[in-house]
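Number of protein chains: 2
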Amino acid sequence: MRFPAAGNSAIPDHGGSLARARTLFPHAPEPWIDLSTGINPHSYPLFDLPATSLTRLPEPGLTRALAGVAASTYGAQSPGNIVPAPGTQILLPRVYSLAAPGKVLILGPTYSEHRRAAVLCGHDAAETSDFETLATADLAVVVNPNNPDGRIVSREKLVDLAAILRRRGGLLVVDEAFMDVGPRQESLCGDVGEGGIVVLRSFGKFFGLAGLRLGFAVASEEIARQLDAELGPWAVAGPALEYGLRALGDLQWQDAMRGRLAAEAAQLDQLLLRYGIAVHGGTSLFRHIARPDAARLFEVLGERGILLRNFAERRDELRAGLPGSEAGWQRLETALAAWAMQHERAAMRAGVSR
Amino acid sequence: MRFPAAGNSAIPDHGGSLARARTLFPHAPEPWIDLSTGINPHSYPLFDLPATSLTRLPEPGLTRALAGVAASTYGAQSPGNIVPAPGTQILLPRVYSLAAPGKVLILGPTYSEHRRAAVLCGHDAAETSDFETLATADLAVVVNPNNPDGRIVSREKLVDLAAILRRRGGLLVVDEAFMDVGPRQESLCGDVGEGGIVVLRSFGKFFGLAGLRLGFAVASEEIARQLDAELGPWAVAGPALEYGLRALGDLQWQDAMRGRLAAEAAQLDQLLLRYGIAVHGGTSLFRHIARPDAARLFEVLGERGILLRNFAERRDELRAGLPGSEAGWQRLETALAAWAMQHERAAMRAGVSR
Chain F
1 MRFPAAGNSA
11 IPDHGGSLAR
21 ARTLFPHAPE
31 PWIDLSTGIN
41 PHSYPLFDLP
51 ATSLTRLPEP
61 GLTRALAGVA
71 ASTYGAQSPG
81 NIVPAPGTQI
91 LLPRVYSLAA
101 PGKVLILGPT
111 YSEHRRAAVL
121 CGHDAAETSD
131 FETLATADLA
141 VVVNPNNPDG
151 RIVSREKLVD
161 LAAILRRRGG
171 LLVVDEAFMD
181 VGPRQESLCG
191 DVGEGGIVVL
201 RSFGKFFGLA
211 GLRLGFAVAS
221 EEIARQLDAE
231 LGPWAVAGPA
241 LEYGLRALGD
251 LQWQDAMRGR
261 LAAEAAQLDQ
271 LLLRYGIAVH
281 GGTSLFRHIA
291 RPDAARLFEV
301 LGERGILLRN
311 FAERRDELRA
321 GLPGSEAGWQ
331 RLETALAAWA
341 MQHERAAMRA
351 GVSR
Chain P
1 MRFPAAGNSA
11 IPDHGGSLAR
21 ARTLFPHAPE
31 PWIDLSTGIN
41 PHSYPLFDLP
51 ATSLTRLPEP
61 GLTRALAGVA
71 ASTYGAQSPG
81 NIVPAPGTQI
91 LLPRVYSLAA
101 PGKVLILGPT
111 YSEHRRAAVL
121 CGHDAAETSD
131 FETLATADLA
141 VVVNPNNPDG
151 RIVSREKLVD
161 LAAILRRRGG
171 LLVVDEAFMD
181 VGPRQESLCG
191 DVGEGGIVVL
201 RSFGKFFGLA
211 GLRLGFAVAS
221 EEIARQLDAE
231 LGPWAVAGPA
241 LEYGLRALGD
251 LQWQDAMRGR
261 LAAEAAQLDQ
271 LLLRYGIAVH
281 GGTSLFRHIA
291 RPDAARLFEV
301 LGERGILLRN
311 FAERRDELRA
321 GLPGSEAGWQ
331 RLETALAAWA
341 MQHERAAMRA
351 GVSR
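Listed in order, the protein sequences are those of chains F and P. Each residue of the first sequence is one higher than the one before, starting from 1 at the first, in my numbering. Each residue of the second sequence is one higher than the one before, starting from 1 at the first, in my numbering.
Simulated from the structure, these hints should not be mistaken for lab results. Wrong hints could be hidden among the right ones.
[As the list claims (entries may be wrong)] One-sided excerpt, in silico: chain P residues whose CB lies under 7 Å from chain F:
hint	residue
1	Gly-16
2	Ala-51
3	Leu-57
4	Pro-58
5	Gln-89
6	Pro-93
7	Leu-212
8	Ala-229
9	Glu-230
10	Trp-234
Predicted model, so just to flag it, every value in this text is computed and none were measured. For each residue, glycine too, the CB sits at the ideal point set by N, CA and C.
Using the sequences plus the hints, can you model the full thing?
Next up, the structure:
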């Protein structure tokens with residue numbers, strides 16, 4: 001038996017765990033205000049699931065219908081370009097296995113699961129902050145818009161990069177997990193037909209239904225068939241099929257939600273700025289903060305039951321999702337006021353001692 | 001890019017599709033009585049899911065708790081032996097990738113996805129009806145109890161086989177999809193510690209919740225870590241976690257259900273026999289029929305809205321699940337009476353013409 005890279009494969013924290021929050025801040029007031037993910041706090045309206053969505057095997061016809069709706073909503077040319085999956089996470093090693101072990105370059109810093117999955121598949125994987133360098137890889141990865149800083153690469157540049165890689169038999173992976181709230185004209189979902197491109201789309205983030213586990217690969221029909229074969233029949237659970245069909249087809253809800261999230265993201269920026277915290281980027285689903293005292297801000301808010309996302313490997317960065325409820329906004333404001341007061345006192349003490 | 005075996009990878013029928021039934025028998029009365037799967041028609045009692053099971057990312061702690069309950073119920077030595085997954089189907093290529101491409105022998109005839117997954121992973125895969133031959137493989141596969149004929153291999157024989165394979169660095173895969181209603185003392189879940197064995201356990205069949213997509217690999221902690229790494233975080237959806245925790249821990253329901261299913265399987269055998277159809281094996285969740293006129297029986301029942309499982313590659317075999325409802329039993333009996341009458345007429349015509 002072979003165990004390619006089990007030593008490197010332990011799964012790190014990605015936010016969203018209240019159990020972890022309670023361990024870090026055992027005295028914090030409940031309920032927690034979880035701002036540690038980029039998941040929409042305003043979920044698509046919940047509805048009663050038909051019992052058969054739990055009891056029966058998912059009908060292949062429903063999965064095909066979901067691919068059709070996804071193709072239309074994401075702007076892919078054909079349902080044959082769409083691979084429905086139980087979340088994009090489980091697709092990562094399958095996508096990285098499409099290329100023989102080689103050199104993987106990831107435009108970073110970004111979501112760390114890409115590197116973990118690439119290494120798991122036997123690749124030599126590294127992050128680079130230089131877009132031009134990606135063209136030297138066998139397999140290049142761009143998260144677009146990027147998580148956590150919201151950086152956007154134009155479709156034009158990505159299509160050019162894909163053409164260079166394709167000529168050498170390489171592959172471009174574009175993770176569009178947050179493209180629902182991004183500049184959608186930069187999506188590559190309509191450009192996958194020639195091959196050499198795999199786009200990943202998440203359902204759970206924008207629709208606020210991360211527990212359902214639903215995501216898609218968008219790729220040439222040849223690649224899509226290969227990924228479908230790896231997943232096998234019944235890859236998507238009944239509840240995810242029901243919600244996926246209804247929510248992905250509901251363009252009116254999607255448009256209204258985009259407006260609402262943009263307004264709330266602006267409100268969050270203003271609130272943070274009022275207490276001296278500048279936002280450096282992000283998307284409507286999360287805001288990116290970079291400051292030397294980020295670890296202290298994480299702690300002050302954590303002690304007050306408000307969980308931000310911190311990064312073990314980049315201590316001066318934080319990511320903040322949207323509070324979602326009126327109570328959440330108020331508790332965030334109270335916590336930020338406490339932070340600002342501590343900050344001011346510290347500045348005064350620094351002044352006195354000088 | 002590489003496409004190892006996409007040509008061989010199309011997914012065939014496995015029963016359970018009413019859309020397929022309607023295409024085959026467009027004039028059949030609705031609703032369909034679906035006997036084409038081995039899924040328990042008496043599902044674990046449905047309950048209201050907490051909204052957070054849909055909206056939030058699954059808590060890693062819940063997944064660990066589910067592994068604990070599964071270890072206890074399946075008789076594994078430790079939760080570290082358990083890999084929770086969105087169904088066992090998606091695990092097959094991952095399990096077959098644990099061994100370098102080599103010779104895979106599958107004790108057959110059996111569930112055809114094993115061969116498809118093995119070929120997809122680059123193996124040279126074949127079915128054999130001779131148990132002793134399995135010892136010559138790099139990777140051997142036994143479905144226990146077998147689908148569709150219910151054949152059982154003793155734990156003792158399997159442990160011996162695993163030891164032979166292990167000495168050569170080989171692997172034994174035991175698919176215990178129907179072991180919940182099998183002779184559980186023959187399960188290998190408690191024997192995986194030394195390595196060289198992967199057991200697969202299905203949740204959806206016995207608990208009648210196939211739409212949720214939940215299954216487990218049971219293996220040494222080393223193999224389990226490797227499989228966990230391939231699946232990545234949040235592999236099991238929130239609804240599957242909720243039902244898995246409750247149902248797998250409910251030993252009282254499980255015991256009562258085993259008794260009920262055994263009684264209903266006996267009732268089905270008697271009903272079939274009353275109309276001249278002998279049952280040749282199976283489990284409490286499905287019965288196996290082998291007769292030269294199987295295709296005709298499939299058609300006569302299909303035209304009456306009762307779907308059996310037929311097998312493209314073995315035309316003289318059928319599999320019949322349990323009807324579940326009083327209406328289902330009655331419609332099955334009416335259809336069988338029609339079958340018997342046609343049969344008698346045909347026999348009489350044969351007598352007259354002689």
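Here is how each hint holds up against the structure:
no.: 1; hint: Gly-16; result: holds (4 Å)
no.: 2; hint: Ala-51; result: holds (6 Å)
no.: 3; hint: Leu-57; result: holds (4 Å)
no.: 4; hint: Pro-58; result: holds (6 Å)
no.: 5; hint: Gln-89; result: holds (4 Å)
no.: 6; hint: Pro-93; result: holds (5 Å)
no.: 7; hint: Leu-212; result: holds (6 Å)
no.: 8; hint: Ala-229; result: holds (3 Å)
no.: 9; hint: Glu-230; result: holds (5 Å)
no.: 10; hint: Trp-234; result: holds (6 Å)
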